[in-house]
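A.B. asks: All chains should be built: construct the whole structure from the sequences, respecting the hints.
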Amino acid sequence: MSAESVQPALVRELTGRRSSRFRSGDFLVVIAFLLLAVIVLCALIPATLAPHPPNQQEITKRLLPPSWMERGNSAHLLGTDQLGRDLLSRVIHGARISLIVGFSALVISGIIGVTIGLLAGYYRGWLDDWIMRLADVQLAIPYVLLAIAIIAVIGPSNLNVVLVLAVNGWVVYARLARGQTLSLREREFIQAYRALGARDWRIVVQHILPNLLSAVIVVASLELAGIITLESSLSFLGLGIQPPTVSWGYMLADGRTYLLGGAWWVVTFPGLAITATILSINVLADWLRDVLDPRLKI
Amino acid sequence: MGRYIRRRLLLAVLTFWAVSTIVWGLLYLTGDPVAILLAGTPAGSTDVEQLRHALGFDQPLPIQYLHFLSGAVQGDLGNSLRSGEPALLLVSRRVGFTVQLALLAMTLALVVAIPVGIVSAMLRGSLTDRTLMLLSMVGQSMPIFWVGLLMIAVFAVELRWFPAGGAGGIKYLFLPAATLALYPMARIARLVRSSLVDVLNQDYILAARARGLRESLVVGKHALKNAALPVVTIVALQFGYMLGGAVITETIFGWPGIGLFTVTAIHERDFPVVQAAVVLASGMFIALNFLVDLLYGWLDPRIRFS
Amino acid sequence: MNRHRTSRREFLRLAAVGASGALVAGRSIAQPATGGGRPLVVVQTAWPQSLDPTMDTNVNAGNIYAHMLESPAQYRYDAREKVMKLEPRLCDKWETRAPDRWRFHLRPGLKFTNGEEINAEVARFSMDTLKGNKGMASSYMNHVKEVVVVDPLTFDLVTDGPYAATPASTAFFFFFPPKYYAESGGKTGFGRKPIGSGPYKFVEWQDGVHIKLEANPAYWGAKPQIQAITFRAQPESATRVALLDTGEADLITALPPELIDRAKRTADIRTARGFRRVFCFFNANVAPTDNPLVRKAINHAVDVDAIVKNILGGHAYAAKGINKPGYIGYAPDKITGYKYDPELAKKLLTQAGYPNGIDLDYNHPVGRWLNDKDVAAAIVDMAGKAGIRFKDKGVEFNTASSLYSTQKATGMNMWSVGPLWLDPSFEWQVHFWSKGLYHYTNNAKMDELLDRLRTEVDPAKRIPIAQEFEKYVVDEYCPWLFLYDEEHIYGANKKLQWTPSPFERMDLQYATMAG
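Chains A, B and C, in that order, give the protein sequences.
Quick note on this note's numbering: the first sequence kicks off at 229 and runs consecutively.
Quick note on this note's numbering: the second sequence kicks off at 24 and runs consecutively.
Quick note on this note's numbering: the third sequence kicks off at 282 and runs consecutively.
Worth flagging that the hints you see were computed from the coordinates, not collected in a lab.
With a straight-line Cα cutoff of 25 Å, these simulated DSS-like cross-link-like pairs (lysine-lysine) come out: (1) K289/A / K620/C; (2) K742/C / K366/C; (3) K590/C / K289/A; (4) K493/C / K194/B; (5) K620/C / K666/C; (6) K666/C / K289/A; (7) K289/A / K545/C; (8) K615/C / K601/C; (9) K460/C / K493/C; (10) K666/C / K627/C; (11) K374/C / K392/C; (12) K672/C / K628/C; (13) K366/C / K601/C; (14) K504/C / K474/C; (15) K504/C / K775/C.
C.D. replies: This is the structure we're talking about:
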């Protein structure tokens, strides 16, 4: 028996949904969509949108507050940082690198992790053991050491950051994929397919992977928050995105003393940008997951 | 069962070996420790050579590696290049602080996250659910040093409830633990909710309800146990990360755990200390994974015997 | 160079008077010196690796062990004349016997806090220990060939060729009690539990929590007013300021300028011009920086005064040369230096054959010195306007250090030097000497002048050599982008009467706590 054959309304009743989630949810999804669209736009055409070049210093105009405060300057809507660079322009330019680095790392670690996890969970045996030991080994290695070593070999560059973030993140997908595969593998319908002689890869791709996808998407959207924050941590330690490239994480780490001492805008606006990006991605990912839920397909 | 344990032990040893070798290799990639030790001093090249020889760094790499291995097997991971003390001893002084912090932080996180996640899942689609999940998302998007500095500004400087930093008693532990707990708390809450929702949609739950079982029994007995699987994965991962040392929290609060200690040793290229720290951390991971695998087996009996 | 020598009898008489005075004083003034017996809490940026000076020479360690350990001579800041003076400490006088032999006379009757005597044998033991420990300081006494015991209170330092800065170098020649050093397990034991003869003695070190010192009741010199000091460490500057704010700390180090206003709300700021000079060196062996015109052009392209004023908030001192205030031969008026003049920079570049400007790497550590990232960014920006296009390569400190030690760093490289004793030859030989650690310059005249400076013992004769060296290096050879000296900024409890010294030694034995 399968849920697909049962009518949607009945399913809804049996699965205990109390209210139709589309009404309030829709509004939030639309906002998230718009927000993300703005952010992506910033990433695509920063030079057109930003009023000033992001690295233009005017050290006599440093630490100007946002224009609506006293001492503020209308040429610098969100104020300036400690080198007199326009904050609004820097926030706009920062979108590109944060999105690129964030997504690249996410996609790379996701693909590697899910593949490894699937293999480990499906074939079990010594392959499983070795792979999981590899995961343990990887987790035990401090990401700082990895970052410094990569820099020592390649020299400081933005590629390092993506590599470190990607290498750091695959384990979670692998363990998840492995766990779910282990469960699913033992289920009757999978056993049935195997008994019928269906090829392994078909089983994996057609039956196990779709069931995995929902969980993976949720975890991925959760991970994105972590990746963007990790980028900021790397900047905190001096191992992150290199100037002149502008990144939100760098701005946050750089300006953190100002949180306690006066020029709060230097840290707040990049922080809001990060929060807004992560929130909208998470909301959209949730929505996507609901859409993809095979239980409700007719 | 005995064969299983023996196999796991063998794999644990192999993991140790792999980790220390990789770290050893990475350290060598990062530069010359002797030149760094003597940087900015009146030392000349002869001094550097002499020190290199005295510390054994002038021998060919394979010999150095064998030397390291033979020592490691006997429990001697070498002496710190900076203080001369045994590396393992130095690291062991800090482990206690890390474990305390990790335990309190994870406890705080779970105590809040699990109920929040369950409530959200059961009330899914409602305003409560939406609000709780929004708060979680926000909690997850705040960089940890922000959170830490804000905690200090509010709870230490303004309210004087807790000390602003340092160690030496339980009152120093609260703010760092609360800071460290925020991200896992949010993450686990969301995960509990989503995996519970997933499970609650599945066939056997449908069947249980169709049989007329009480909702609380449905959720409590059947759903939770199966929803637990991915949650356990993430909790273990987070806890492992905390044990590895939460560098930023430790830096912000001056909490003398292993994270900041290891990063400092890496910065100073104090090879033996980095080795010792990593070996200790991987030991804890391996132990943790062992427990998690046992837990998997209990949660889903089909996995237990392959 | 004979100083008035206190006769033994005289000394004993004085000591007896002093001791009885102290006993009387101790009985009548019962209250402890720090307000209510609370220890003075000092918060630094990091924990020491070891309290053994042969192993850890960092300021975080030095600030602690310099209160407990002593050396033949030591620097003390004269706040009136605003200059560092080398004062007799364990030795009350010294003189040259030969160009390569210095004789030191120990004060009689001095003891370590565990009762061991301080005599010439101790001097020899301490030198052997420093050289033999294979620690950070192992090469600091390279100029000393051996220590010869002449009689129990006299020892000779025999140097490897004449070395003018020998007495100055004894500021880092700390004495250890031989029996205790061996018994405690050598550098590892002593490094956790040191014993010295200084104004303070060690109480305990709880790892990661605190290091406690208390006043040495048997100290031979002036007894400190502050009876107990607790040292802690806090890497994050915002948190250090918070500790000062709440009163958990009485003294904090490394206060960044942007937090000064914040700290002033509840505490005092104390500053001192430091001896740590930040600069950028060029690789003078590789094009295009092998051309002095290029190096000079870069100097003209950077407005150091603007950087000091705007980025460092005025908390630094532009330094156009290579000598420092208080050092022998310091005469900044005798050198010209480089004024900010981007037009001249462009002209010099064209003269050097680069009419379209040049592209260079700019290697610099990040997070090591005050606002170093911002300073580097400003330099890149300013130089860019004169056609010098730097590729900003900011790395973690030891990655830079490692790169520099390969002798292969190209372009421009940011660095700093902080002295262990205050003679220009210390720093100049690190950077400009062919037998030193870095080989980015290649100049016979500099070598020759430096050799003469190191070995000429008569201070009157050294002054012109030092000045000639500086003039040549700065105005003609120009191996550096000259930047600034850091200012040490401390946050202090308003009741603490204490002046920081440029030498980065806290010397809390001279401090008092009001009320």
